[in-house]
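Spelled out, the chains give:
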Amino acid sequence: GENVEQHPSTLSVQEGDSAVIKCTYSDSASNYFPWYKQELGKRPQLIIDIRSNVGEKKDQRIAVTLNKTAKHFSLHITETQPEDSAVYFCAASGNTPLVFGKGTRLSVIA
Amino acid sequence: DAGVTQSPTHLIKTRGQQVTLRCSPKSGHDTVSWYQQALGQGPQFIFQYYEEEERQRGNFPDRFSGHQFPNYSSELNVNALLLGDSALYLCASRATYTGELFFGEGSRLTVL
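Chains as they are written, first to last, in the working numbering: chain A, 1 to 110; chain B, 1 to 112.
The set of hints was computed from the structure by calculation and includes no laboratory data.
Ideal placement from N, C-alpha and C gives every residue a C-beta, glycine not left out.
Among these hints, one or two may not hold up.
With a cut-off of at most 16 Å between alpha-carbon atoms, the simulated EDC-like pairs for lysine to aspartate or glutamate come out as follows [claimed, not checked]: (1) A:Lys71 with A:Asp17; (2) A:Lys37 with B:Glu105; (3) A:Lys37 with B:Glu52; (4) A:Lys42 with B:Glu105.
Residues of chain B clear of chain A, computed beta-carbon distances all greater than 10 Å [what the hints assert, rightly or not]: (5) Gly16; (6) Gly28; (7) Ser33; (8) Gln44; (9) Glu53; (10) Ser65; (11) Asn71; (12) Asn79; (13) Leu81; (14) Leu83; (15) Leu90; (16) Thr110; (17) Val111.
Restraint ranges, calculated between C-beta atoms of paired labels, are given here [claimed, not checked]: (18) A:Arg105 with B:Thr9: 20 to 26 Å; (19) A:Lys42 with B:Leu112: 33 to 39 Å; (20) B:Pro8 with A:Asn95: 41 to 47 Å; (21) A:Asp59 with B:Glu52: 22 to 28 Å.
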């Protein structure tokens with residue numbers, strides 16, 4: 001089955017700097033790659049997603065890139081703000097239900 | 001439009017007991033999935049229901065069972081609770097043939 005690895009597990013950045021979180025997946029049949037943000041005690045919320053027919057997608061300060069050949073995808077957050085502090089999860093699915101990475105705890109230091 | 005709703009939000013059980021968690025999907029959604037999220041971990045897929053049948057199942061023992069009703073709502077049942085079953089149980093729904101999952105706020109289960 002699908003296996004998703006996520007790095008780093010923790011990330012601290014200064015406010016205004018960029019943050020990058022990377023994930024790899026194992027199943028070449030996976031074709032949908034969402035990113036979720038989970039604040040403490042809250043539910044995971046979809047922030048951006050990408051499908052395998054697209055290499056990059058951007059939504060304001062957030063962008064996701066996908067390299068199907070290398071089976072990895074990344075989340076980029078620019079101009080980070082304190083409210084970006086949360087745990088971020090990548091996930092992958094194709095013929096299987098969504099499989100999540102273990103998460104990255106992002107801390108934005110003001 | 002209400003999103004995914006779950007009940008109860010918190011509950012405490014003792015080892016060996018049974019628990020039932022409930023979920024109402026987002027309006028227009030007919031597929032419901034259940035995930036277990038242990039502290040500090042990513043959500044782990046338990047099973048998925050569509051048209052009142054279990055369609056896919058993750059690596060969870062038979063103590064975990066579920067049901068989907070004609071109105072698309074769903075229940076998760078866990079029998080013979082173990083300490084390791086303590087977790088946040090998330091329900092997620094989506095419309096047929098779409099990938100985007102919407103999560104509920106979860107039911108936090110503590111087993112003592």
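Status of each hint after checking the structure:
1. A:Lys71 with A:Asp17: Distance of about 27 Å is beyond 16 Å: violated.
2. A:Lys37 with B:Glu105: 13 Å, holds
3. A:Lys37 with B:Glu52: 30 Å, violated
4. A:Lys42 with B:Glu105: Holds, because 6 Å separates the two Cα atoms, which is no more than 16 Å.
5. Gly16: 28 Å, holds
6. Gly28: 16 Å, holds
7. Ser33: 6 Å, violated
8. Gln44: Since the minimum Cβ distance to chain A is about 8 Å, B:Gln44 lies within 10 Å and the statement is violated.
9. Glu53: 15 Å, holds
10. Ser65: Label holds. Min Cβ-Cβ 17 Å, cutoff 10 Å.
11. Asn71: 22 Å, holds
12. Asn79: 23 Å, holds
13. Leu81: Since the minimum Cβ distance to chain A is about 22 Å, B:Leu81 lies beyond 10 Å and the statement holds.
14. Leu83: 21 Å, holds
15. Leu90: 7 Å, violated
16. Thr110: For B:Thr110, whose nearest Cβ neighbour in chain A is about 14 Å away, the distance exceeds 10 Å, so it holds.
17. Val111: 19 Å, holds
18. A:Arg105 with B:Thr9: 20 to 26 Å: 23 Å, holds
19. A:Lys42 with B:Leu112: 33 to 39 Å: Distance hint for A:Lys42, B:Leu112 is violated at roughly 25 Å.
20. B:Pro8 with A:Asn95: 41 to 47 Å: Cβ of B:Pro8 to Cβ of A:Asn95: about 34 Å, so the range 41 to 47 Å is violated.
21. A:Asp59 with B:Glu52: 22 to 28 Å: 36 Å, violated
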